[in-house]
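The listed protein sequences correspond, in order, to chains E and S.
Numbers 1040 to 1372, taken from the numbering used here, label the letters of the first sequence in order.
Numbers 1040 to 1372, taken from the numbering used here, label the letters of the second sequence in order.
No lab work stands behind these hints, which were simulated from the structure alone.
You may find that some hints are simply not true.
Among chain S residues calculated to face chain E with C-beta under 10 angstroms, some are [to be verified]:
no., residue
1, W1052
2, F1264
3, L1372
Even for Gly, the Cβ is constructed at its ideal location relative to N, Cα and C.
There are 2 protein chains.
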Amino acid sequence: MPELRKDPILGRWIIIARERGKRPTDFVVEPSKTKGGFCPLCPEHEKTTPDEVLVYGREPWMGPNSSSWKLRVVPNKYPALVIEGELDKQGEGLYDRMNGIGAHEVVIESPNHEDQFAFLPHDQMILTFRAFRDRIRDLSQDERFAYVMVFKNYGKSAGASLEHSHSQLVALPILPRMVVAELEGSLAYYKYKDRCVFCDIIRQEIQQDIRLVCENDKFVTLAPFAPRSPFEMWIMPREHHSSYINQDEASLSALTNIFSESLRRLDSCIPGVHYNFVLHTQPLRSKSLGHYHWHFEIVPKLSSIAGFEWGSGFYINPIPPEDTCRYLREVEL
Amino acid sequence: MPELRKDPILGRWIIIARERGKRPTDFVVEPSKTKGGFCPLCPEHEKTTPDEVLVYGREPWMGPNSSSWKLRVVPNKYPALVIEGELDKQGEGLYDRMNGIGAHEVVIESPNHEDQFAFLPHDQMILTFRAFRDRIRDLSQDERFAYVMVFKNYGKSAGASLEHSHSQLVALPILPRMVVAELEGSLAYYKYKDRCVFCDIIRQEIQQDIRLVCENDKFVTLAPFAPRSPFEMWIMPREHHSSYINQDEASLSALTNIFSESLRRLDSCIPGVHYNFVLHTQPLRSKSLGHYHWHFEIVPKLSSIAGFEWGSGFYINPIPPEDTCRYLREVEL
Chain E
1040 MPELRKDPIL GRWIIIARER GKRPTDFVVE PSKTKGGFCP LCPEHEKTTP DEVLVYGREP
1100 WMGPNSSSWK LRVVPNKYPA LVIEGELDKQ GEGLYDRMNG IGAHEVVIES PNHEDQFAFL
1160 PHDQMILTFR AFRDRIRDLS QDERFAYVMV FKNYGKSAGA SLEHSHSQLV ALPILPRMVV
1220 AELEGSLAYY KYKDRCVFCD IIRQEIQQDI RLVCENDKFV TLAPFAPRSP FEMWIMPREH
1280 HSSYINQDEA SLSALTNIFS ESLRRLDSCI PGVHYNFVLH TQPLRSKSLG HYHWHFEIVP
1340 KLSSIAGFEW GSGFYINPIP PEDTCRYLRE VEL
Chain S
1040 MPELRKDPIL GRWIIIARER GKRPTDFVVE PSKTKGGFCP LCPEHEKTTP DEVLVYGREP
1100 WMGPNSSSWK LRVVPNKYPA LVIEGELDKQ GEGLYDRMNG IGAHEVVIES PNHEDQFAFL
1160 PHDQMILTFR AFRDRIRDLS QDERFAYVMV FKNYGKSAGA SLEHSHSQLV ALPILPRMVV
1220 AELEGSLAYY KYKDRCVFCD IIRQEIQQDI RLVCENDKFV TLAPFAPRSP FEMWIMPREH
1280 HSSYINQDEA SLSALTNIFS ESLRRLDSCI PGVHYNFVLH TQPLRSKSLG HYHWHFEIVP
1340 KLSSIAGFEW GSGFYINPIP PEDTCRYLRE VEL
């Protein structure tokens, strides 16, 4: 059983997922890749994954886990957290721990092994954003969970251990530290100004027009004012919404358009670049929040100087976002 | 001039150090190494570094920057922050920025290019810990600075761009986010319990004896209860002190002994492992703090699954610290 442990000074939770390694020297080796080998996420290999929890694009007369589909969501075969059991919160002197209860799911974004997320056609890419919405809605019914983390690791240097295009959902019994910090920071601003800081950022960025990478009628993509990494981008809805899961189809479609354009602009600037993206949304079952605004953060993985963090929450970035924004705008798509 | 910028939601500061890169494609390339090439930190090459700000082991009749020395501290030739100028704090709508004023220094830990920090003899290694103390003392006289970050990147995957054994000091006009979080977290504990959380951790760890890697009369090395990475270690003084800079020679000597032993135990478990260490100490010119306790954190850089952070302040660790502690204790030195 995995375990959740809390740092007594910072309140930072970490997962101890014992199953993942055994001997000290196991940790120096990179995780094995499927390059040219067997891919458990490809069609015809559905039996090698746990049973799917969501599927799109399968004809109604086909059976579950059969090989006709456009997108599948399956539990992770090597989950960081497990779905069955009780939290069993315990103290150990001044320390706090609980069982590693949660869900860890894999969104298989396309049946085609060679597809890259950034270049998926609109009708295919939208399925991923719909799957995020539908899975968070479903997982929010489990009262043990406080938050669903949604993220994608694209490329080996961004932590991807499988080539086949996929993203991940992790349902957690606690709020991640970064979410708490964002909620607190935006609430402090709200109390002072009576406005959403994210709405104010969007207004100022549209007016200044020096960090606005692209936009459509429902979304904007910004190079944030204080980016951790060169070419970092935030994709934000123009309208104030604290939760991702209330989006309708028109919103998902506009999100797909701007996400696709933003990633293709990034790839044109730095061909083949690896990146992570993370969805930032409100805690599960929270009422709508006036101070919080859902968004995606896309962080490219670049050289070790770029975006280097000194273990103190302090980043150094060799290029201002106004410059990366200009590059991102100027590329031909 | 580098620039400091603050994220308006999280209060996270980042440095924009323009000098470090120019074109988008520059960022995919790893920084160049000196492997087999010219080393600017070696003796006889003193003219290739800026003038030294501290030297140990030079005969008094030799001139400054001459080639007889045991340890040198020099300004970084490509500093992330610059020493000259005013902070010139400015707002830009809802954003905050200031000039990137600070000091960025390199501690050249040995004249011998082939030396590895973990295996330096006692008389050589102690010079590094003395240099940290003496440089922080000196930099604390500059009223513009709020904090000195002291850290070492060992190995390419830990961000080192030069082979020659060295560590770095960065004097900052603001407090890094992690320091603020530690100060706040430990203060909250202090207000509740009227005790230092770090002192309580040390007491509990000595009593439980399952995460205590090694110890001497003045220091302990722990595998922390909630580590970000396998084989993470914290080195802490037994006696309560909030500031590193009040250490006497006996303390520096004991610190050198336990640091050397801890790093050699780590290297025996995972030969050649790359790592970062960071000094955590109180802000400059602060009075002694009852709730804060200086210490070093050593974080190995391992495989991309191990210690993987999902961009949300949430780490997954494949091995519990009780197991790494057992490995670290059992190795033959």
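Against the structure, the hints come out as follows:
Against a cut-off of 10 angstroms between C-beta atoms, the interface hint on S/W1052 holds, since the closest Cβ of chain E lies about 7 angstroms away. Given hint, S/F1264 at the interface with chain E, holds; its Cβ is 5 angstroms from that chain's nearest Cβ, closer than 10 angstroms. For S/L1372, the interface hint is violated, since its Cβ never comes within 10 angstroms of a Cβ in chain E; the closest pair sits about 15 angstroms apart.
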